[in-house]
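Asks: From first to last, the protein sequence lines are chains A and B.
Read in order, the letters of the first sequence correspond to residues 428 to 815 in the working numbering.
Read in order, the letters of the second sequence correspond to residues 291 to 640 in the working numbering.
If you're looking for bench data, these hints aren't it; they were derived computationally from the structure.
Among the clues, some could well be false.
To be verified - Just a few of them, taken from the derived set where beta-carbon distance is under 7 Å, the chain B residues facing chain A:
1) Ser339
2) Ser445
3) Thr536
4) Tyr538
5) Thr582
6) Gly584
7) Phe597
8) Asp604
Stated by the list, open to error - Label-pair restraints from in silico Cβ distances:
9) Gln722(A) with Asp620(B): 50 to 60 Å
10) Val583(B) with Glu750(A): 27 to 37 Å
11) Arg464(B) with Gln450(A): 36 to 46 Å
12) Gln722(A) with Lys630(B): 54 to 64 Å
13) Glu750(A) with Phe617(B): 51 to 61 Å
14) Ala794(A) with Arg414(B): 55 to 65 Å
15) Thr635(A) with Leu613(B): 40 to 50 Å
16) Phe455(B) with Lys644(A): 54 to 64 Å
17) Ser465(B) with Asp451(A): 57 to 67 Å
Said to hold, decoys possible - Stretches of chain B that chain A covers, calculated by requiring three or more beta carbons in the stretch to come under 8 Å of a beta carbon on chain A:
18) 328 to 337
19) 540 to 551
Ideal Cβ placement from N, Cα and C applies to all residues, glycine included.
The residues making up each chain are set out below.
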Amino acid sequence: MKRLTASIALAAMALLAAPLMGQDIVIGNIADITGGTGDVGKPYAEGIKAYTDYINANGGINGRKIKLLQQDYAYKIPEALSLYKKFKDQDKVVAIQGWGSGDTEALKEQVAKDQIPYFSASYSAHLTDPAKSPYNFFCAVDYSTALRGCLKYIKDNWKEKRKPKVAFIYPDVGYGKAPIPAGKAYALELGFEIVGEENVDLKALEATTQLLNLKKKDPDFAWIGGTKPSTSVILKDAKKLGLRTKFFGNIWSADEESPKMTGGAEEGYLFVVGAALYGDKGAGMDVIKKVSGGQLRVSSWIRGWVSMMVMCEVLKTADKNKELTGPGIRKYAEQLTNLNTQGLTAPITYSNSDHRPFTSVILAEFAGGKMVRKGTIDLPRRADWKGF
Amino acid sequence: MSVAHCGDFRQTYKDDMLVLRTRFIRIAVGAFVLLLYLSPLFSSNYVTSTMTTIAIAVIGALGINVVTGFTGQISLGQGAFMGVGAFACSYFMRVVHMPFWLAMPMAGLTSAAVGMIFGLPSARLKGLYLAIATLAAQFILQYVFMHLDAVTGGSNGIPSPPPEFGTFAFDGDRSKYYLTITVAIAAVIFTTNLLRSRSGRAFIAVRDHHLSAEIMGVNLFKYRLLSFAVSAFYAGIAGSLWGMYTGYISAEHFTITESINYLAMIIIGGLGSVLGSIFGAIFMTLLPQVLTVGTGALADIFPKIGFLIMSFKDGVFGIIVILFLIFEPDGLAHRWRMIKTYWKLYPFSY
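Work the whole structure out from these sequences, hints included.
Replies: Next up, the structure:
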């Protein structure tokens, strides 16, 4: 009897120990496939998936495979919360790839308490202060820096004697409002005249009222802090109403597919691109080209790819040092210095006092229906800009 | 063996006042409550926190059932009233430094006051017109949430501190569950008794025929307003608990979608039924989660079309709701009664 008990105990131990060796690393992905931001959320999630498949086929994390759990939360906060609980308690994920502003904000306190690193596609600047959100990371230029970069670029190319007049158009949601105070402060610092401010909803079908208001104030430049659909509405209506304003906008406001929606109204629209453009040169892009079989991948896809790539780099170091835990991942993420994303973004640096990945802004403009890169604005990592 | 009579034979006043009529029902309900309290001991945190969201939904659904199910006034503002409660509770705790135990009822009262203001149109409006008036409440409040930065944190939202009892903080899944389920049970008991009270009967009279009710001496305006207040009070309590559950309150949650969700809960569960509110809340909370897990599992099996399967989720959700309305127009509570009746007379149903 005793021997039987002993052998059962041994077998049980063997069973328990087996998964510990060469065990998969479980990563959760709270994605928006079908919700309000699904137009960019789906390619982003596909990018994450594609990089996971790529790394699993190419050695994994020091030989261990990544098990990616992708679930759609349709941009609904309660569903994101319950998915988070499921990932944490049932699936025991070590880190999460998240998505929008609402859910990232709602989970900010919890991921800090549960010590689960959370890589989001919400690039709100106030996620970059580790004193307030120690477990939040992202891999693109934050919204405030993006707006500052645009303003700097415009000011640098401003030839006239008078002050350039600028206006801000944004949706009345967290994503839209986040960079506005920072943008206004920097616009005044650079010597802009702020002439107007309008709200255009993310789901707006027309923006005539707001644009007629703007037309009276006649700004030289106007910021669009929306997503693709609302941006195309603004650009089309502005063309219809004959505004002479030059529009510029945020990272989610346009991509390769925008000209299809705007039908020519996008000409001259200046906007921030977070990652390299499809078809660029560089080792990173060569891999993407190979994986995609030469089919166009929009920039949100590439941003998803990069986000997963950075996470995997951190996982590799954490795994090597046998610290594949939430705090371990945070520790090694914060030790990243000038991580080379093979030319897909600027080199990424996090520290334990600053989670801004980089402060350079890549700008592109539409010319003849194509995205043309206009240059990179390198902004200083000013301390008073952290979290603002 | 305690048996229910094959008919409605109440012989004493005490008999008439009983909520749980037979010993069997009393034992069954007692066992169920006991099970609710013991369940966190043997279920995972995920299950526990899902049950917490169900309990919150039950409170909110009871609230909207009071105004819509019992008094017959369609309200499309339940989500916004929840938001009022959530923000008020957090404000009372952070700024006024009230303990949660005081802040939660205060938030409920705040929400009730707001509910009464937006219930005022019910004096003149009925049916669809009233629905549109309450829809305005939803949008006005949403606007307030976004712009009253000092209280709501604007679009960034605000943290909601955990309740404390002495040195014990309710910040774990289990402690949050116990707190929520206790409040939910209290809400169920209160609603059941409310319906048997003078006010409850007045509510039902207003719903069934407002003219007759008025002739009987029911003050229509008073009771309509009261029902809005009670409903918003429940919503405020549910909102406070929601804030406690998430630890962070964001205006993006309390939208028209949330209001319609609550309306759907009581339609699916059963209008004018306490049990219906509970069934509806369970159904509407679990269905999306079951679908998420289901489609996720399917997507794992067929990785090539994973995203396609996930996009079916909302469609399947809609189809299930429609099928329910076709085949269960009186709600889940009605089906439950049918099942009970069947077994009551089993196997001699005639």
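Asks: Can you list which hints this structure breaks, lowest number first?
Replies: Of the numbered hints given earlier, those the structure breaks are 6, 11, 17, listed in rising order.
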